[in-house]
Amino acid sequence: MIRHWLRDPLVHFLIAGAVIWAGLALVGEPVDPASRTIELSRERQAGIAFGFERMMGRAPTDAEMDSAIERWVREEVLYREALRLGLDEGDAVVRRRLATKMDELAGAEAALARPSEADLERWLAKHPDKYREGDRLTFRQVYYSSESAAARALASRDPVGEPISLPAKAVAMPLAQIRGTYGEAFTARLAELEPSSEWRGPVASGYGWHLVRLETRNAGQTPQLSAVRDRIEADWRAATIAERRQRAYALLRGAYTVAIE
Numbered sequence: 001m002i003r004h005w006l007r008d009p010l011v012h013f014l015i016a017g018a019v020i021w022a023g024l025a026l027v028g029e030p031v032d033p034a035s036r037t038i039e040l041s042r043e044r045q046a047g048i049a050f051g052f053e054r055m056m057g058r059a060p061t062d063a064e065m066d067s068a069i070e071r072w073v074r075e076e077v078l079y080r081e082a083l084r085l086g087l088d089e090g091d092a093v094v095r096r097r098l099a100t101k102m103d104e105l106a107g108a109e110a111a112l113a114r115p116s117e118a119d120l121e122r123w124l125a126k127h128p129d130k131y132r133e134g135d136r137l138t139f140r141q142v143y144y145s146s147e148s149a150a151a152r153a154l155a156s157r158d159p160v161g162e163p164i165s166l167p168a169k170a171v172a173m174p175l176a177q178i179r180g181t182y183g184e185a186f187t188a189r190l191a192e193l194e195p196s197s198e199w200r201g202p203v204a205s206g207y208g209w210h211l212v213r214l215e216t217r218n219a220g221q222t223p224q225l226s227a228v229r230d231r232i233e234a235d236w237r238a239a240t241i242a243e244r245r246q247r248a249y250a251l252l253r254g255a256y257t258v259a260i261e
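Sequential numbering from 1 applies to the sequence shown in the UniProt record's numbering.
The calculated EDC-like cross-link candidates involving lysine to aspartate or glutamate, where the alpha carbons are at most 20 Å apart (straight line), are:
hint, residue 1, residue 2
1, Lys101, Glu76
2, Lys126, Glu233
3, Lys169, Glu194
4, Lys130, Glu117
5, Lys101, Glu243
6, Lys126, Asp235
7, Lys101, Asp88
8, Lys126, Glu243
9, Lys130, Asp230
10, Lys169, Glu184
11, Lys169, Glu215
Cβ pair distances, simulated, as ranges:
hint, residue 1, residue 2, range
12, Glu76, Pro174, 52 to 58 Å
13, Glu243, Asp158, 58 to 64 Å
14, Pro174, Ala259, 53 to 59 Å
15, Val160, Glu121, 48 to 54 Å
16, Arg71, Glu121, 41 to 47 Å
17, Glu121, Ala259, 44 to 50 Å
18, Glu104, Pro174, 37 to 43 Å
Hints in this document: simulated from the structure, not taken from any laboratory. Glycine is no exception: its CB is placed at the ideal position from the N, C-alpha and C atoms.
Turn these sequences into a full structure, and let the hints guide you.
Okay, here's the thing in structure tokens:
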């Protein structure tokens, strides 16, 4: 139980905050932002290299690393001078950015975490509708350039239609593909129909008018994890980051009392 508690990223977050708080209490005042010594630890250098790699998709060369370090030092110098001049006081932009950094700190571990197969399977089981494929329809269609011509042909048991570069029969076509081919109105009307041996219509599309006969409707299925793994991992990570940020804020918020005049 204790080991599990110590592995919780939120505990790490709060311990770090407590250490900083205790340090400030011991010295009696915050670390002087006007300090003229800039320490570039190995951890900081690794962080700079990681930032470069995340942006460029590869590790930096020695020259690129030197440039990245120089940019960081320049930013640090200007940042400390801005603090020394009190430019952060009352600045809504700075305030917002610092709050954002605290949020990012709370979710930093989740941003780099690798979920297990069990984590992703549980996520898919909990949110099946988000990943379920749409219905697939098998139907026949015949085309007419005018609504009146389509209406007259409806009386025929075997309407012929006019030439058009569309297949006479679509087999197990996803709704998204039907929508992309025929348009929203056609897809909505076709989706309302029940499978039947009778022709229905006229149904409008971006091409003109159609008589349609819906033969089968295959209900959408929840896909296997392997088919949507990247989507699920991205969604899991975003939700985990948001949840950890909210938990961290709730714990920190509990230490404050808000007095509204």
